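S.K.: Residue numbers (my numbering), protein chains in the order written: chain E, 1 to 336; chain L, 1001 to 1336; chain G, 2001 to 2336; chain P, 3001 to 3336.
No lab work stands behind these hints, which were simulated from the structure alone.
Errors might be hidden in some of the hints.
Taking CB as the label site, the calculated pair distances span [claimed, not checked]:
hint, chain 1, residue 1, chain 2, residue 2, range
1, E, R136, P, G3115, 29 to 39 Å
2, P, W3113, G, H2278, 30 to 40 Å
3, P, M3001, E, D277, 48 to 58 Å
4, P, D3277, L, A1268, 43 to 53 Å
5, P, G3115, G, K2189, 39 to 49 Å
6, L, G1115, P, M3001, 54 to 64 Å
7, E, D277, P, R3299, 25 to 35 Å
Keep in mind it's a predicted model, so treat the numbers as computed, not measured.
Virtual Cβ for every residue (Gly too), placed ideally from N, Cα, C.
Protein chains: 4
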Amino acid sequence: MVKVAVLGATGYTALELLKILLRHPEVEIVAVTSRQDGNPPISSVHPSLVSRLELALEDLSPEEVGKRADCVFGCLPHCASAEILPRVLAAGAKVVDFSADYRLDDAATYLEWYGHEHPDASRLGKTVYGLPELFREQIRGADLVANPGCYATSAILPLAPLLRAGLIECDDIIIDSKSGVSGAGRQPKLMAHFPECNESMSAYNVGRHRHTPEIEQIIGRFAGTAPTVIFTPQLAPMDRGILSTIYAKPRGTVTEAAILTCLREAYAGERFVRVVDHLPGTKDTVDTNFCDVTARIVRSRVLLISCLDNLVKGAAGAAVQNFNCLHSFPESTGML
Amino acid sequence: MVKVAVLGATGYTALELLKILLRHPEVEIVAVTSRQDGNPPISSVHPSLVSRLELALEDLSPEEVGKRADCVFGCLPHCASAEILPRVLAAGAKVVDFSADYRLDDAATYLEWYGHEHPDASRLGKTVYGLPELFREQIRGADLVANPGCYATSAILPLAPLLRAGLIECDDIIIDSKSGVSGAGRQPKLMAHFPECNESMSAYNVGRHRHTPEIEQIIGRFAGTAPTVIFTPQLAPMDRGILSTIYAKPRGTVTEAAILTCLREAYAGERFVRVVDHLPGTKDTVDTNFCDVTARIVRSRVLLISCLDNLVKGAAGAAVQNFNCLHSFPESTGML
Amino acid sequence: MVKVAVLGATGYTALELLKILLRHPEVEIVAVTSRQDGNPPISSVHPSLVSRLELALEDLSPEEVGKRADCVFGCLPHCASAEILPRVLAAGAKVVDFSADYRLDDAATYLEWYGHEHPDASRLGKTVYGLPELFREQIRGADLVANPGCYATSAILPLAPLLRAGLIECDDIIIDSKSGVSGAGRQPKLMAHFPECNESMSAYNVGRHRHTPEIEQIIGRFAGTAPTVIFTPQLAPMDRGILSTIYAKPRGTVTEAAILTCLREAYAGERFVRVVDHLPGTKDTVDTNFCDVTARIVRSRVLLISCLDNLVKGAAGAAVQNFNCLHSFPESTGML
Amino acid sequence: MVKVAVLGATGYTALELLKILLRHPEVEIVAVTSRQDGNPPISSVHPSLVSRLELALEDLSPEEVGKRADCVFGCLPHCASAEILPRVLAAGAKVVDFSADYRLDDAATYLEWYGHEHPDASRLGKTVYGLPELFREQIRGADLVANPGCYATSAILPLAPLLRAGLIECDDIIIDSKSGVSGAGRQPKLMAHFPECNESMSAYNVGRHRHTPEIEQIIGRFAGTAPTVIFTPQLAPMDRGILSTIYAKPRGTVTEAAILTCLREAYAGERFVRVVDHLPGTKDTVDTNFCDVTARIVRSRVLLISCLDNLVKGAAGAAVQNFNCLHSFPESTGML
């Protein structure tokens, strides 16, 4: 049994993670942390956990967590994450970080998009990006894994194989994404207040969403040259799910069949990427670790459509997949 | 043209009120207030009002408001309302109060249910309850009208005529109500956070919701003796609408036809109460000032089912109906 | 490994069942049936099953199904169920029936509420009602289990222990239930058409819902005398979940603590009934086999509030719990 | 008073139209038709109309309708529309047609996209496209107006002025649209079945939605050369609203300010197009005839974001705006 801890256990991704971990046959949950006073039972914050997880929320030091657990899942805000996780690593635990802190390769980009100096810049460029379908080998030997952004996963999975195969151009890639509201976190705020966002669709952070440089960096590794991405996140009135509609320029003459074949070959052995012929809906993937992908040629564009559950394949499920990689368990353990 | 002002114009009931007033042929909106700094345009808070209402939010004294307007709609929290509205009245304006402050007849009940001394207790017992279908004559001559609670209206309209006619008993009246989330107001809070309340139904404030004494007081006027109400409010994952399912004990042998006839006769001339044969859904009344009512006999109980839009007939529409009463306009002016 | 088959595998309860069975370590799914032509893959009907279940939908005879499988889950419409399942039983398989056909004890009640003669009346009164928390011993030795109705489970679980303990009266029990739309099945119809039922609450089948006699029959076994139930089903704009608010008369002087203690003792060893102090919401139980229950005293009434997922504890989860009982597996196998 | 009739009055656009017409001071509704037997009251189909519209649904001949009414709104399916409306016109009434039948200029395009010969091809190319903001003068003198498609309006309004001003290129225009489910009509079908489409986002008719040629035809008039549009419709879990996110290529160097200025000047005198600085949400326009538009420059693309209510500005509101044009009423009559 691997002893695991969850740092910052009061949010939605942590809850989802705990539900998956409770089903995982090789895991013992030994600590859940939060800065709340008085060590309340975690089920007082997440009533769905009553009788399923009897732990109290503790306000532990990073060192304590790193000693108590073999592997630590960090569900902390960015910046806080890079301040605390190095101390967890130093205490000897492996870490899967849900925050954005270790996703980017260089400190300047981090500063530009996140607005402050990186607290642990020396690890940038050396930390593996936790998308097992693309970087499995590096993950296996790692101590620290940067769990990908939810939008980023939905964009990278369909784009990477096509860029690698030279079937699409790497400029003017348009990614139009729609996300459920759980992506906004558990802190009450006007944009996620039910009477505001229910029965409405709207775009936000147009041209400045922080997953943009993350997508460009990762697909750039497959493209040869630096790609340009236009990414538009939009809020849809549903709990979970991301639908990304991606418009790429074909490189030369390309058929729909060639695109689908390329995707199928790329993900042939992958348990969690399903290349399908039909147009998938987010509901097909809700509560699962699957990312469904399809493609169409429409006039001058290759359309890629992907969907996934932002809390599972976009967060907690991906983290457990990374955890399984780190510990040499079959990658789908606990998730089928 | 009647000059009107809206105190506390940033919430949902105020927005709904403004939308109705914009259609009202006899109204000029002269002020919208809020304690926000800098006099922002109201459309910066309510973007649906862009190009429809060009006023700025002002932080005006009650006296200024009372002088500028002929009639003032108070959309303030309870307690604040009874502190500010007397000064508006003193400045010469008529007032329709959305808060609960002037609904109850006595200060002790107010203290018991609202938890503080009433700031203007001398007006209790003398202020008219603004349900025109039942108290039209008193409203006509009033300066101050207490606009009813949304749940209360949904319960009182079906119950009052049957109690008056002696068709049902006044004890053990069970009112099971389901409300859309806009009833919780515009201030972000966990219970109204989309990922919490979407796709969920739950009860809240069981046995201690403040509309309980309001319902008992008003239906008591029709019952002869003091009634006992068991009222359960529940949150439904929708923007608006209240469905109340009421279980009353028949007094002697009563038929479904007798119940429906009593309701039909009571509301024969009323524009905004529709006694129907089918089972109404809240959607039939959304965005309207209608309250739909029907009845069934099920074994030992009279079932009354009512529905209305909590922001219209349950708040802003009722307020305009009261306003029309106060100013001798046809009651439906601006609302059909 | 137990070989199982699902009859009528295209609906929502069957889909939910298959998802649970795929996680069950002791189960092999050997057949999924439907009357559709051409043996399409089940994933063409349920795209969420792509790559998870590779079976084709087959139009098999009951005899074939009964031979191929050790245990058969019947997801057929009532009446059809009692025509087909006897032939499955005769072929040697055990059966868990999702339909209402074997829930009632006598043919006359069945005729009254379902409108036709029972096709297999001799089994009525001898078939066990599949609520393991109440009838575990009988289920263990059975060949055929009648899986309970979703509303019925939400009402019976809180009521049965209190009636047995004599803490509440058995007349005038009012059950006000709200259900998600999946309860209406997968066949498109106006009442479940998105623009009709979204953003609306409405009652249906008032006074004549078929779970009424089922509830009365089962709680009657605990009450001593025949109980009277007033049951109002209502449609809420959400996929899943039932919230039942139950108003019972206390028998003599009863405290909230006594009610909660009685419930806690009754379900002390039960994995899937959680007696809680807070007011539970349906979301706490969604995608789980839990039924959450609490109680309050409000004036002259005992309020019982229960919630569950109509597709899991209200259908597929209960069926797997029964299946586990039948095969002496730990009852929660596949469901935590 | 203008006498109006509604052909095919049982759908959602007809219901929305009737609600607007009931507020219109210059309109008398003289007939509502449907092929249903027995002349049921329209309120039996649309319960929200109880006590508001007392007409019965009649199965009238086109000639009867054309004689009884001065102006007829056709809410019929395409093809049926072009078979019936010529007879209404011949009887002397003016017509606003909600169907697609008279939107396209040539019969070959109609055949290609709608799959059958046009029943009244001689009117193609001569019928005015009913977008008053762009074709007001032609509408004024017309007998027959083709009411635009809902998606088409959301795309054409932002694109037309920019193409006319030469600020964007006319090729590779990507239109990513998200619509509420009422756009799918009132006929129950699986894609609009609540448990299927609720809590899900999905694309449909990718590359072959019939509004594509309509958009290309109309914006082509402003572009000089024939434009190429890639249009992706997507279903969002909400009743109403369309959000279109449009990605156009700037022509030369273009600033955000220049784009917004161009849009503001184009719609300076228009009551129903609001060019805003913020990112609008569909909820800002629900239940109104407004189309909200904004623009951003993101890297190599001009982003245009528009939203409207598909049943109002996308259908019934536009129709009344056209009606007002036809009869020289102020264009916003009945709609503010």
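S.K.: So does D277/E sit 25 to 35 Å from R3299/P, Cβ to Cβ?
M.R.: holds (32 Å)
S.K.: Just tell me: holds or violated, for the beta carbon distance of R136/E and G3115/P against 29 to 39 Å?
M.R.: Violated: the Cβ-Cβ distance is about 48 Å, outside 29 to 39 Å.
S.K.: Take the C-beta atom of M3001/P and the C-beta atom of D277/E, compute their distance, and say whether it sits inside 48 to 58 Å.
M.R.: Holds, at about 56 Å.
S.K.: So the hint says 43 to 53 Å: do the beta-carbon atoms of D3277/P and A1268/L match that?
M.R.: holds (52 Å)
S.K.: So the hint says 30 to 40 Å: do the beta-carbon atoms of W3113/P and H2278/G match that?
M.R.: For H2278/G against W3113/P, whose Cβ atoms are near 56 Å apart, the range 30 to 40 Å is violated.
S.K.: Return holds or violated for the Cβ distance of G1115/L and M3001/P against the range 54 to 64 Å.
M.R.: holds (56 Å)
S.K.: Take a look at whether the Cβ-Cβ distance between G3115/P and K2189/G falls inside 39 to 49 Å.
M.R.: Given range 39 to 49 Å: violated, Cβ gap about 28 Å.
Checked against the numbered hints above, the structure violates hints 1, 2, 5; every other hint is satisfied.
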